[in-house]
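Next come the chains, spelled out residue by residue.
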Amino acid sequence: MKKKYILNSHEEQIDVTSSAPGELQGIYNHQYFKLNIISLETNMARIQFMDKYLEVSFVKSPEGLFLRMPSGRSYHVTQSVYKRSKNHSKNHQDAFINAKIIKSPMPGKVLKIMAKKGQKVTRGEPVMILEAMKMEHTLKAPLDGEIENILAKVGDTVKGQQELVTFKIAAKEVAKNEKN
Amino acid sequence: MTVVIKKIMIANRGEIACRIIRTCREMGIGVVSIYTESEKDLPHVLQADEAVCLGSGSLHETYLNIPLLIEIAKKHHVQAIHPGYGFLSERPQFVRAVEAAGIIFIGPSALVMQLMGDKIQSKKGLESINVPLIPGYHGKDQDLASLKQAAKKIGVPLLIKASAGGGGKGMRLVEKEEDFELALEAAKREAQNAFGDDRVLLEKYLQGPRHVEFQVFGDHFGNYVHLFERECSIQRRYQKIIEETPCLALTPELRRKMGEAAIEICRMVKYSGAGTIEFMLDHQLNFYFLEMNTRLQVEHPITEMTTGQDLVRWQIMVASGAPLPKTQAELFQQGHAIEMRLYAENPDEEFLPTSGTIYHLGQPRGPGMRLDSGLGQNSEININFDPMLAKLVVHAQDRSCAIQKALQALKDVPVLGITSNHHFLTRILEHEAFKAGKTYTHFIATHGPELFTLVDDEILAQESACALALAQLLGVSAEGKHQAFAHGPWESLGAWTHAQGVSAL
Numbered sequence: 001m002k003k004k005y006i007l008n009s010h011e012e013q014i015d016v017t018s019s020a021p022g023e024l025q026g027i028y029n030h031q032y033f034k035l036n037i038i039s040l041e042t043n044m045a046r047i048q049f050m051d052k053y054l055e056v057s058f059v060k061s062p063e064g065l066f067l068r069m070p071s072g073r074s075y076h077v078t079q080s081v082y083k084r085s086k087n088h089s090k091n092h093q094d095a096f097i098n099a100k101i102i103k104s105p106m107p108g109k110v111l112k113i114m115a116k117k118g119q120k121v122t123r124g125e126p127v128m129i130l131e132a133m134k135m136e137h138t139l140k141a142p143l144d145g146e147i148e149n150i151l152a153k154v155g156d157t158v159k160g161q162q163e164l165v166t167f168k169i170a171a172k173e174v175a176k177n178e179k180n
Numbered sequence: 001m002t003v004v005i006k007k008i009m010i011a012n013r014g015e016i017a018c019r020i021i022r023t024c025r026e027m028g029i030g031v032v033s034i035y036t037e038s039e040k041d042l043p044h045v046l047q048a049d050e051a052v053c054l055g056s057g058s059l060h061e062t063y064l065n066i067p068l069l070i071e072i073a074k075k076h077h078v079q080a081i082h083p084g085y086g087f088l089s090e091r092p093q094f095v096r097a098v099e100a101a102g103i104i105f106i107g108p109s110a111l112v113m114q115l116m117g118d119k120i121q122s123k124k125g126l127e128s129i130n131v132p133l134i135p136g137y138h139g140k141d142q143d144l145a146s147l148k149q150a151a152k153k154i155g156v157p158l159l160i161k162a163s164a165g166g167g168g169k170g171m172r173l174v175e176k177e178e179d180f181e182l183a184l185e186a187a188k189r190e191a192q193n194a195f196g197d198d199r200v201l202l203e204k205y206l207q208g209p210r211h212v213e214f215q216v217f218g219d220h221f222g223n224y225v226h227l228f229e230r231e232c233s234i235q236r237r238y239q240k241i242i243e244e245t246p247c248l249a250l251t252p253e254l255r256r257k258m259g260e261a262a263i264e265i266c267r268m269v270k271y272s273g274a275g276t277i278e279f280m281l282d283h284q285l286n287f288y289f290l291e292m293n294t295r296l297q298v299e300h301p302i303t304e305m306t307t308g309q310d311l312v313r314w315q316i317m318v319a320s321g322a323p324l325p326k327t328q329a330e331l332f333q334q335g336h337a338i339e340m341r342l343y344a345e346n347p348d349e350e351f352l353p354t355s356g357t358i359y360h361l362g363q364p365r366g367p368g369m370r371l372d373s374g375l376g377q378n379s380e381i382n383i384n385f386d387p388m389l390a391k392l393v394v395h396a397q398d399r400s401c402a403i404q405k406a407l408q409a410l411k412d413v414p415v416l417g418i419t420s421n422h423h424f425l426t427r428i429l430e431h432e433a434f435k436a437g438k439t440y441t442h443f444i445a446t447h448g449p450e451l452f453t454l455v456d457d458e459i460l461a462q463e464s465a466c467a468l469a470l471a472q473l474l475g476v477s478a479e480g481k482h483q484a485f486a487h488g489p490w491e492s493l494g495a496w497t498h499a500q501g502v503s504a505l
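Protein chains in written order, with our numbering: chain B, 1 to 180; chain X, 1 to 505.
Please note that the accuracy of each hint is not assured.
Cut-off 27 angstroms, straight-line C-alpha distance, at most; resulting in silico cross-link-like pairs (BS3-like, lysine-lysine) [claimed, not checked]:
{"id": "1", "chain 1": "X", "residue 1": "Lys140", "chain 2": "X", "residue 2": "Lys176"}
{"id": "2", "chain 1": "B", "residue 1": "Lys112", "chain 2": "X", "residue 2": "Lys148"}
{"id": "3", "chain 1": "X", "residue 1": "Lys176", "chain 2": "B", "residue 2": "Lys120"}
{"id": "4", "chain 1": "X", "residue 1": "Lys75", "chain 2": "X", "residue 2": "Lys153"}
In case anyone wonders, no lab produced these hints; they're calculated from the structure.
Between the sequences and the hints, there should be enough to build the whole structure, so can you do that?
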């Protein structure tokens, strides 16, 4: 039986082949696995995963299941796409890959705008300064290009992920991106 | 003449307020806490004897509102105010207002605070007692031409720092001369916003530096002691992340010399209460005075663990007019202590602050472990306050045992529900260079790539399979907030029924 979950904002699937209370066998990523829960406390599960014994911290919350593995990495599992303002990592990366829009990385205030509409900028050139958590964050041009539009003004309070600057990308950058 | 302090108001919140409450309890002193609308269920409110709501305005209308705080203190008849750290703890005008109201300020005098808080003035004073200073410019002329010329003289790399600053705000590193102007502009603006004062100083950037600070104490009788050093080299953007004591680089001779220099500074300004003298130590073991913090530091627990002293108790005693509880000869260091600061930030996204709810923090389960936190059940973390969530502190017989214990303590305190620097702390503690004691202030910049390196795909896939299988067995959601309070294993078993239908397959 196939089960879909959202694991750390990515859709993942396991194929459960056999299951009993506290025990599960299945296929994930073309690999067979078997997991037994040996003991369970409020926020700690001792499990046997294949031939390994592990202690996993977990909490079930209205926002899904949060886990921390013995390696120290944390995992977040939900049933469906999870919407929360802080979970913007994917969008954030996309913005950089497309490199056409600078979005505010976090809620803050626009302190200074160094670039003008229509101005040609080179990669890494400071475009705008945001203040958040009493620290300044310089937003830089992600690629060589031209500033198409500036969507905020000095003193504006901006939300996380708000679009701030849009670009026209220089042709050579487009070519470079396509090659990659 | 000593005053009997029966009630203290804490002009702070979070973990430090809870820390102060603990000592007040031990000493039989009553506590008045303050809080804002959104904090009414937090431990620093619930643990107090009396708690007063400051409303829901900005920081200036609440925790930084001096007239309001004085009014509350008077109304509740407190004998003393403890400022904690941050907020008003280093504002001389607050000290004056407290004292004008006939209340004891638990800390140094306004005059000393003003002197040491002004980095330009404090350095000038120190030149007279031969405390070594980092080559730099601490002049009055703040115009671009003067600063540019001074920068040229010092040479790159150099640091621009806010004269009134602290905590990394208004600070910029300049590696190339042509970057100076832009960096100066940013530093001045940041300083103006954070401290209302845009004066800066310039400093030579040292090679292979360690940040080594000395905990000092003075009383009203001219007694001064130090409680040894803390090494706080593991920093990012000048914010400390991991602190330890003792510092591996110090020989007994160097420790004695630095301690004496620290005490000399206290003597010069007739310091009273708890303070910290920060030094930079370069790779040739030259030490330079950096600044003095005129308050209890965030990282004070590691000193408490290795010296066996309660620094908040010391502060209250000194403030009440009692002499220091110990002489220098009676103080010694035992074992090794490490503090890890858990921050609500995402190391994978340039350490941007994160917000959300902490559904499970955890509790360390072993001797020599201490968790200082101001969080309650399901605490909401928002970006209005400092992003530090908690401090995890361990004490063991030596450094390598302390590192092992620190890693175990992190496992006991998983911090679930919000993205934090938890795993990043683990990566630092496990790093060979950290284990070897190569802790320089640029540790994170130097080893950054290794600290972020993703593990191999096989382990990642295994962990993902584990997470998904557990999601299937335990269920992923708790209905309503109460489920997160699950009282025992049986309640959290609820969703196992999910799997029953599948076993027939």
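To see whether the hints hold, each was checked on the structure:
no.: 1; hint: X:Lys140 - X:Lys176; in the structure: holds (24 angstroms)
no.: 2; hint: B:Lys112 - X:Lys148; in the structure: holds (22 angstroms)
no.: 3; hint: X:Lys176 - B:Lys120; in the structure: holds (24 angstroms)
no.: 4; hint: X:Lys75 - X:Lys153; in the structure: violated (56 angstroms)
Hint 4 alone, counting from the list given before, is not met by this structure.
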